Amino acid sequence: MKKLLKNAGLVTLALATALGGFAQSAGTIPEGWHLKDLKTDGYYGLSLDKAYEFLKSKNRQSTPVIVGIVDSGIDTTHEDLQSVLWINKEEIPGNGIDDDKDGYVDDVHGWNFLGSKDGKENVTKDSYEAARVYWGLKSKYENKTEEQVPAADKEEYRMWARAKAEVFKEDGAQDDLILRSMKLIRMGDETIRFDLKKEVYSCKDLVNYNPTTVNASNTRSFLLSVCSANDNNEITNRELLDQMDNDIEKINNRKQAPKNYRDSIVKDHYGDINDKYYGNNNLTVNADAPLHGTHVAGIIGAARNNGKGMNGVADNVQLMSVRAVPDGDEHDKDIALGIRFAVDHGARVINMSFGKSYSPEKRWVDDAVKYAVSKGVLLVHAAGNDSQNNDSTYNFPSAYYLDKTRPATWITVGASGPNEQSGIVASFSNYGKKEVDVFAPGVKIYSTLPLGNRYGNEQGTSMASPVVAGLAALIMSYYPDLTALQVKEIIEKSVVKPTEWVTNPGTGAKVHLSDLCVTGGIVNAYEAVKLADTYKAAGGSKTVPGKKARSKKHK
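Under mature numbering (1 follows the signal peptide of the UniProt record, and there is no 0), residues -23 to -1, 1 to 532 are what the sequence shown spells out, in order.
Rather than coming from a laboratory, the hints here were simulated on the basis of the structure. Some hints could be false.
Label-pair distances were calculated between CB atoms; the ranges are [what the hints assert, rightly or not]: (1) 348 <-> 513: 20 to 30 angstroms; (2) 511 <-> 397: 27 to 37 angstroms; (3) 254 <-> 486: 49 to 59 angstroms.
Here the structure is a predicted model, which means the values were calculated and not measured. All residues carry an ideal CB built from backbone N, CA and C; glycine is no exception.
Please build the complete structure, drawing on both the sequences and the hints.
Laid out in structure tokens, this is it:
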């Protein structure tokens, strides 16, 4: 999963200018700016209040829409999410019986594909796909040229060669220095935790903290620089240490194969896509694991106007959690089965705020996407946070199949900022005139956080994607007869197109937004519902809200 802190530069910049690639000052902007209006408020938000006012003026009534969230899990106890969770009414909670005979026991709010059958162990961390690909195929392709490889294996060889280049893209000369620096950062963290009497602290806690050791002073300065670069003072020491662990693993992967985190816990037959009834129903796992998914869930559909926290985009959704994305790179099998689970249990929209540069079992994911498309499901995917051009690089799952045809009901989303002053295009966002469809708010987005009914800002295309998923659910809720294809068309045709120049995240050049995405615009709920109101229902397959479209498990 490409989180905000991934690829932060701790290794490549030797702990000097961490996260510089993500630096973008959003200035002082209000919580929930992504829901506001350009003309009224001065922000390229959704104009959501105007959208709801329009729907009210048309006497439109909403129907519930299920949104599948394939992610890291959700805090199912959160005050702003409990009332909007999908409930599998065919399951009796906690009885340990597969009441609905779908192969998944007690799947009341969704399913966790990253855990043991008994629920006692769960995968929270995993390796990166580049290392898995390189070491997994090393014995097959080491010391061979492409000319020596059979035609049937050439594509796999190219993937392996690309993975090898990524694993060894740093020459390793600074490895020892970096590892020593990381050790000192950890020592400073220990001192700060002792002084603050907190195991988890953020930059807010460090503002008035007076370090008691040199290491503590350096760690304080380092974390504050990270927060400044991300324009987010809620980044914690735990997030920083997790990033350091990831970078240490990348260094070690030059010398040895990555640890297999998944197999010893999940214990499925990974090479068999039909071995699919594994995992458990624990969607929260621990205090850290569901942060990403919980934040995404709140953006889509946190309970509106309840006097708590914040408002989601859609007001009549049922959020289904499909836990398939660890801290690290997800496995294709879990993603493929996660998509199928969501489709089979009635999801009309699936949000996918994750991505990676390699997909060894892409055929499995392709088949799952084709299945979703055939059932009238809209798939919404984050473009990625590497400031790269997706037209010429890899970002999986992708909006094209192995045969180069494209799924009809797929939207790829880049991240936009509040306004011209703060940056209309997020400096970290991937882009692509052919491969990114729209942009949506993804800078400093305020939403739900796990552990204690918390709220906070996160940013990334991971936040932009659920803005679009929430918009899709809103349209489907008030116009339930529209197909997924129509909803995709409405979202794309109703974008607001900035007249200002924007900055290309990869080159720094001033360009038009039409140079960075297919539509050249930022999604807007008000314009979308106005356009939806002019549409007539079309024929075609679509999942009926709240109904299941699955086959029973063969016992």
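Consistency of the hints with the structure:
1. 348 <-> 513: 20 to 30 angstroms: holds, 27 angstroms
2. 511 <-> 397: 27 to 37 angstroms: With a Cβ separation near 31 angstroms, residue 511 and residue 397 satisfy 27 to 37 angstroms, so the hint holds.
3. 254 <-> 486: 49 to 59 angstroms: With Cβ atoms ~51 angstroms apart, the hint holds.
Going down the numbered hints, you'll see the structure goes against none, and every one checks out.
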